[in-house]
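Chains as they are written, first to last, in my numbering: chain A, 4 to 407; chain B, 4 to 407; chain C, 4 to 407.
Calculated from the structure, these hints are not laboratory results. What you were told as hints is all true, and nothing was included just to trick you.
All copies of an identical chain are treated as equivalent in the list; a pair is satisfied when it fits inside any one copy or across any two copies.
Derived pair list, reagent style SDA-like, types lysine to any residue, alpha-carbon separation capped at 25 angstroms:
id, residue 1, residue 2
1, Lys380, Thr331
2, Lys195, Thr215
3, Lys34, Ile78
4, Lys380, Arg368
5, Lys34, Asn285
6, Lys380, Ile359
7, Lys171, Ser146
8, Lys381, Arg368
9, Lys381, Thr331
10, Lys381, Arg367
11, Lys380, Thr396
12, Lys393, Asn39
13, Lys262, Ile32
14, Lys381, Thr48
15, Lys380, Asn350
16, Lys380, Gln335
17, Lys257, Thr134
18, Lys195, Phe255
19, Lys380, Pro360
20, Lys380, Asn328
21, Lys401, Gly9
22, Lys381, Gln335
23, Lys380, Leu369
24, Lys381, Asn328
25, Lys380, Lys393
26, Lys381, Thr353
27, Lys381, Leu369
28, Lys381, Thr396
The structure displayed is predicted, hence computed values, not measured ones.
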Amino acid sequence: MLYSQGIPLEQLGITSLDGRSCETDPRKIWKLFSQNYYLFRGTPTGVWLDFELHAVLDLKERPDEYNSDKLYDEICEKLASSEFLPRSLYERFNIEFLATTDSAIDSLNFHDMIIKSGWKGTVVPTFRPDTITDISNLQLWNSSIDTLAMITDRTIDSFSDYLQAIKKQRQFFISRGATATDHGVYQPYTGKLPGDEIEHIFNRARTGLITTEDALKFTAHMLMEYAEMSLTDNLVMQIHPGCFRNHNYPLFEKFGADKGHDIPVSVEYTNNLRALLNTYGNNPELTIILFTLDESTYNRELAPLAGHYPALKLGPAWWFNDSINGMTRFRQMTSETAGFYNTVGFNDDTRALLSIPARHDVSRRLDANYLGTLVAKKIISLEDAVEIAKDLTYSLVKKAYHVK
Amino acid sequence: MLYSQGIPLEQLGITSLDGRSCETDPRKIWKLFSQNYYLFRGTPTGVWLDFELHAVLDLKERPDEYNSDKLYDEICEKLASSEFLPRSLYERFNIEFLATTDSAIDSLNFHDMIIKSGWKGTVVPTFRPDTITDISNLQLWNSSIDTLAMITDRTIDSFSDYLQAIKKQRQFFISRGATATDHGVYQPYTGKLPGDEIEHIFNRARTGLITTEDALKFTAHMLMEYAEMSLTDNLVMQIHPGCFRNHNYPLFEKFGADKGHDIPVSVEYTNNLRALLNTYGNNPELTIILFTLDESTYNRELAPLAGHYPALKLGPAWWFNDSINGMTRFRQMTSETAGFYNTVGFNDDTRALLSIPARHDVSRRLDANYLGTLVAKKIISLEDAVEIAKDLTYSLVKKAYHVK
Amino acid sequence: MLYSQGIPLEQLGITSLDGRSCETDPRKIWKLFSQNYYLFRGTPTGVWLDFELHAVLDLKERPDEYNSDKLYDEICEKLASSEFLPRSLYERFNIEFLATTDSAIDSLNFHDMIIKSGWKGTVVPTFRPDTITDISNLQLWNSSIDTLAMITDRTIDSFSDYLQAIKKQRQFFISRGATATDHGVYQPYTGKLPGDEIEHIFNRARTGLITTEDALKFTAHMLMEYAEMSLTDNLVMQIHPGCFRNHNYPLFEKFGADKGHDIPVSVEYTNNLRALLNTYGNNPELTIILFTLDESTYNRELAPLAGHYPALKLGPAWWFNDSINGMTRFRQMTSETAGFYNTVGFNDDTRALLSIPARHDVSRRLDANYLGTLVAKKIISLEDAVEIAKDLTYSLVKKAYHVK
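One chain only, chain A, in its complex shape (with noise of 0.2 angstroms):
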């Protein structure tokens, strides 16, 4: 929003990759967050902040230039103080279960030492093998693969050698807690290829000469191996399409990884899916929760295909999911056709610790208002509504995601 409105990233204290100077001082950096505060004022940011700054730091007034030291002062005393450690946020904020999301070729190191502390709480995390996957970005694919290999003390020269290191890498996230995996692709095609071309475009990828239609190929054949698996080791499978990555070349260039901005686009699923659905949407043992950048596929394609295939069901609206008016659509336009008990409930899927009450406040306050509404039409009792209302919140989503 800031760099929208014309300030630099440098200022806000972002390094280029060139090493340039940038804004160091973090009171003069919360300053310019102060002043501008007012840019955030019906925007999902806003809404969070505000939450965050009143209900979780206990501040008395909202940032502005005036105030911006004082502020700062009172932020750093709480954030130094033991009530703010993270593990004692977890426990403040009722947290009973906390899913991170990885690359598949982490060591997952972190997740060791949680285990290892012998705290309490419960860290888990999900397996993301989209470097592992996507052959377009062919550079960062085979080192990946190289690492694969490495990690799992395996030989990858084949496909079927490939297929499984990722197996192997899977049961070792399992082992740590994971029970969840998450794709991330442009467009969701899916589709089987014959042994000898999926080996053909391995080998040419691993050889560095793949074509655009290599690429699509391989990650459609991919979706449906990564069904497969799931089927095996009851991995939750989450896919999630449609988003432009790094739209702004030239900033991703000078800032580098995720400061690239992500822009949705179009996304198609009727035709797309089919093949993935075709062979294992009628498995009820399986579980493939479908998000979405996309609204306008809601009601055209997502609630009638999650209202019917029994793996499917649908995610909250992610990326609109933090947004009061998004999250009103996606119940208005998904609940009567897909029904309540296809879609999952509410994942906040944030960055920042802080934010995890304001998010799922927001969600709880907006569906609640939702089943009010439909109590008020008497379309549902008022009993309906408050079993729903903690499904919604609770019971869908640790069905869902397997949560013990």
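We have chain A already, so just place chains B and C on it with the hints.
Relative to chain A, chains B and C alone:
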């Protein structure tokens, strides 16, 4: 809904094509349904079922696993009584006009039986020529053409013969009261082919050798021919595109027709309908009614088109027409640009006789709610609202469908 | 609306190109309009007309077939009075700044007359270069280039000449007060071509031999050039894509320009604008304002893009900007992700002077309603809402359009 939650169709009394045993005890099936009645909470089906059970069947409780047997007995008793015979319900529901949808090669023998019975109700057929039009399903098309030739007592050796046979069969439908046709297409391609090209495609289709492009061109051409026929015989032309038929192919293979599930796809109207509208759309004597499953086209394409071309009207939100949110959005997204008078009011498309009152009740409440909001905002007067309400439920429907 | 209900344009006083007689008695035309006034119920046109007749013309009744003559006389009397002269209305409406849209090759003689008249009002031109940019309409383009050469007193023999002439003509518009350009394109393709290729296409276009692809590439390249020019001359760049011009070709052929009716199509922004935004979008000195007729892009593409690129702002919901539901959805679907401060407030695009107050009144009520809802939900404070309300109606508009 039950299938989407993992209940096999066999347990719901649906026999697979291979004849393997399925549940045959209706009381057990009703019990399974009652146990899972909660799944329909907040869905259109839930709303109709509540209405049917309460207002039509006069039951005092919602089904659950405990009252299942008691309700089963009550329903059986009622359905066996003379006041629940279809004709009694037709009168009780105060129906004036009921149209069935019939294959273009149907003998209409049930319609003849109704006419011969001397009953005073009005039940008319609707001419649905999909199987005699869609050459992409070549085997079905060829056998349908053979049937068409037989029932019209004509030889069909050329495209011209084929058109003549269709015209004759339309006259047969008209003689039994038909006022409309109904065309289901994947995309609404329209466009006239030169005489030799359409003849050529027709002949190749009869001999079993066509391309995908042939099929698209043929359907596009036939929509032009059907509009031309409507100019002469005055049948109202309905077009509903955008459905992927039998999306779940394994289920279709196992259980047969109507079990493969249909899923909507994105549809394009502006370019695709241009040939049809440029040739026939300026004629106010013709009525073409468009339906959609793709809400994103409501205000982008459909309302602007219907707000301009004299021949064009918008049908109620098909598929979503039973959905409370969907019907509300239809009004919100089309009424301003198309105006109320370029829509055709409400016609339900139910296969369930008992659900007719529920559907019209829901539709009327929602339109009344939309109109009431306009009155409250002083956009229209109360007098206007009362007139529009009658137009939407009655006058516009009769006018659009040529009901006398 | 009247045409869509079967009333021929000739009866509304519109002469066809072949000069066949049409109704010429304005009183009769007004009567026909009055008889059909009910068709506008619940439409934006109905809302403005009600407002104009009541608040601007001070009539006490809505037109109908009975009061038609009486109202006709009243309106004639008022329009003939000095207080209904355009400049009187300009003052009465409290207008500060009025921009017309003008062909890039317009002589701006009416603007000169206004300036020379010594009148104190501000009426400035806007530079709309569609006819000198769109080579797909080759005949019109070539004659426009000839005119461009003449009025800029330059020879245009190369692409470079062409750019120079455009720059000169932009200066001419700026000298008459212009602060913005306006670019209508079918799809917002953008991308720079190598110098020899663009020169090649330009030369082929001048000699009358281009392909469809040439036209797409040329427009894509020219949007880049126009952004480049804006960097220098500071004109705000407006882009409104997604309109199928003259959809009703028979009507266009019969009645000519502006009678062929335009219908929106689906638009893609994320991929198509990337070249433009990667090259110019990071520059906060530049202002590019995007419009859309495709609501499905509001929250999928437009709000995320405007919420990131410093140069990008969202224009009000063009076309739907007069629609109560459409304007409401615009706020609901863009404000959270783009923020209020990446939109430009409200500018109406009417051709009807009398409708200006109605449009701004509607827009302000809707924004106030949206803001009031945020206050009621405690998402923003009342003080915030009051500030934002002023920004949306006044400050943001002046800032975005460089109005002094």
